[in-house]
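**Q** One-letter residues, chain by chain:
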Amino acid sequence: MRVSSTQMLSAMQQIIERNYERFYRAQQVATTGKRIQRPSDDPFGASLGITLHRLLEESEQYRRNLTTARNFLSITEVALDNLNSLITQTKSLAVQAASDTQTADGRLAIARQIRQIMHQVYSIGSDTTYGDRFIFGGLQTTSPPFLLAGDTLTYRGDTGRLEVEVSPAVTMTVNVPGHPLITGIFDAIATVARLVEMSDIERLSREGLQELQNQLDNLLRTRAEVGSRIRQLEMIALRLEKRKVDFTELLSSIEDADIVEAVTNLRMAETTYQVTLAAMARFNNLSLLNFLV
Amino acid sequence: MPWTFFGIELASRALQAMQMAMNTAGHNLANINTPGYSRQRVNLAATEPLLLEGVRTLFVGSGVRVDSIQRIRDTFLDARIAASSSQYQQFLNLYGRLTQVEDVFSEPTNAGLSRQLVAFFNAFHELSSNPENVGVRASLAQTVEGLIRTFRQLASRLDEMFYELQERVEVSASEINSLAKSIADLNAKIRFHKALGAIPNDLLDTRAVLIEKLAEYVEVRVVEKPDGTVRLTMDDFALVDGEVSATVPHRVDYMNKSYVDDISAPTIRVRVLSGSVRGWMDAMQYIRQYRQQLDTLAREFVENVNEIHRTGYGLDGQTNRNLLAGTDATNISISNDMLRDGNIEINRIAAGASPAPGDGAKALEMARLRQTPIADLGMKTIPDFYSATVAQLGQHTRAARSGQENQKIILQNLQASREAVSGVNMDEELANLLRYQRSYQAAAQLVAVMDTVIADMLTAFARRG
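Protein sequences appear in the order of chains A and B. All letters in the first sequence, in the order written, are residues 1 to 293 by the working numbering. All letters in the second sequence, in the order written, are residues 1 to 465 by the working numbering.
The set of hints was computed from the structure by calculation and includes no laboratory data. Hints are supplied without guarantee of correctness; some may be wrong.
[Stated by the list, open to error] Chain B side only, calculated, beta carbon under 8 Å to chain A, not exhaustive:
#1 Ile32
#2 Thr247
#3 Asp427
For clarity, every value in this text was computed on a predicted model and none was experimentally measured. Just so you know, even glycine gets a beta-carbon here, dropped at the ideal spot from N, CA and C.
Only chain A is shown next, with the shape it has when bound in the complex (with noise of 0.2 Å):
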């Protein structure tokens, strides 16, 4: 084949800029450590990509969602439990009020201890906040959910359920609405501290006294129920943190190159781009020229 000067020099030419493109992808590719830099480069696997990325943002989401839950369901079982020992003292009250032995001042006494017991079932009802969410108010979260006034308790709030998804399509309730739990709660201690302070202590002993068992064992039931959501997250966060774990080992299999290779590439490409100069650089040094005097 003949061969003229200027197909030697461009040929030349474009080899160069072959190799030297070649050179330029496998620097970036090794540089950034992804194998998609623009969806040309896999119009699937980048359109796959995106569809993880926001997978993996929307994991996130449920992650901070189920935090918000968590917090929520927690700080509702801390009350929960203050409510039962509240129930507790005010029924041990109630017995050693409706003991025979008992003075009618002792009994104005332990009258006394069971108002302030009742007010602090009131102001665990109306000030327990997350943030500054009244957690006992259902949807009315803003304002305080109930009002004192002497004996009665007034709820202000509504029997709204509050419904966080915490993973997708998984909803779950992360309030209890103060009424009628603690409106119940609050009844059954102002009925007790009357009949205390009326000496009643035939309808104490019966009515007070059930009444007050009857409260605890609502109490316990809502109390399972907070426990049973709050394990329930916990289920459902390890089964987000693994959804993560694979949303995220599959996104790095699609975008992210493989280091070995990249470098290896890397290497060639240099090591051929090395070449394709040296050989250039040699040829411009033949001509005939070189041999004529």
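Following the hints, position chain B against chain A.
**A** Chain B alone, transformed into the frame defined by chain A:
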């Protein structure tokens, strides 16, 4: 014996021929880097022999002459190179533009629309579990504004690219016309010289270069005629015929890949089969397509978001308000329902299905919109519709890239074949130069010898006289 000075004349003819041969080698060497130059070769031939009639009839050689100076060119290759170059330019330019479109979409990076969409839905998800939180509402408002900005930027950058391309294609029409005019002029000159019996090698080369340049813009069919002129056609439009060139109209009908004189009612339609102009037209069509998909996405996004938002309640207890306004990717904006003094009033963002401040049901419904297939998006969800568009762009770009790579190899091979025939090899020309130089020296020597012979003869006659 021929006449006295026959030998000197023979030598002088040889001197002339060798000088011309050396000039041609020099011409070749001088044009070693001239694009489109075809090497020229001197064809030498023996001159008519002299017939001597004596005892025996003899033919005596009378020396050398230059028969012709031939341009070494394979015109069949020229046609194939022109066609291949059109194909290559089409893919090269399409690929170049689509790469820019990829840059505009900037996927997969954090700057792309996909992340903004995710952020939008996540913000509502966050709101669903914290409906009364002012901070969450404020950051949601920013996310919505960011999303709108991204939609608008994408649309306007696609538009800029589209109009820039349109202008490029329009300008190309006049470049094509001026090339056609030059080729027609060259046709005239070539026909003139050819009629006189001379072959104007360098004019042929110049015309071939112009045709190739034209072929980079648009695909042309080249037919060479016996009178030396070429006829060029674009599809069925006669661009150059002899000394006459036609004018390609400059309006762009990119959907039908044509130049027309009037978009709505064309009387002249020149279809562009390949070449860079075709690549730009293809790019225009793709960009328009992506732009329309973006508009559809924006429209459906606005409608579906509003449908949910209208049924929800803000923290101020009001309902039936649109969050967004607009019908496409350029006019998408925050609805006036939400604005106070030009800013989003965050209490108006609807999170609840009731006026209760802790109600996040509507926000949750909004977050779930991301998983809802939408009829007008071909039963795709909003994020999927978008990522399908990106995948489409990736495929188009990839196809253009591989087309470009394949055509480049074909073109380079053809160019190499032509160079093998027509290209100048420096060593070869230097060797020729040496060869002709030696011959010239020999012929000069011949003159000297003849001179001596004649001198001797004259001396001999002088002595006798």
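**Q** All the hints need checking, so say for each whether the structure fits it.
**A** Comparing the hints with the structure gives:
1. Look at B:Ile32: its Cβ gets to within about 6 Å of chain A, closer than 8 Å, so that hint holds up.
2. Contact between B:Thr247 and chain A, as hinted, is not supported at the beta carbon level, the nearest pair being about 35 Å apart and thus beyond 8 Å.
3. A least Cβ separation of about 4 Å between B:Asp427 and chain A falls short of the 8 Å threshold, and the interface hint therefore holds.
In the structure shown, a violation is registered for the earlier hint numbered 2 alone.
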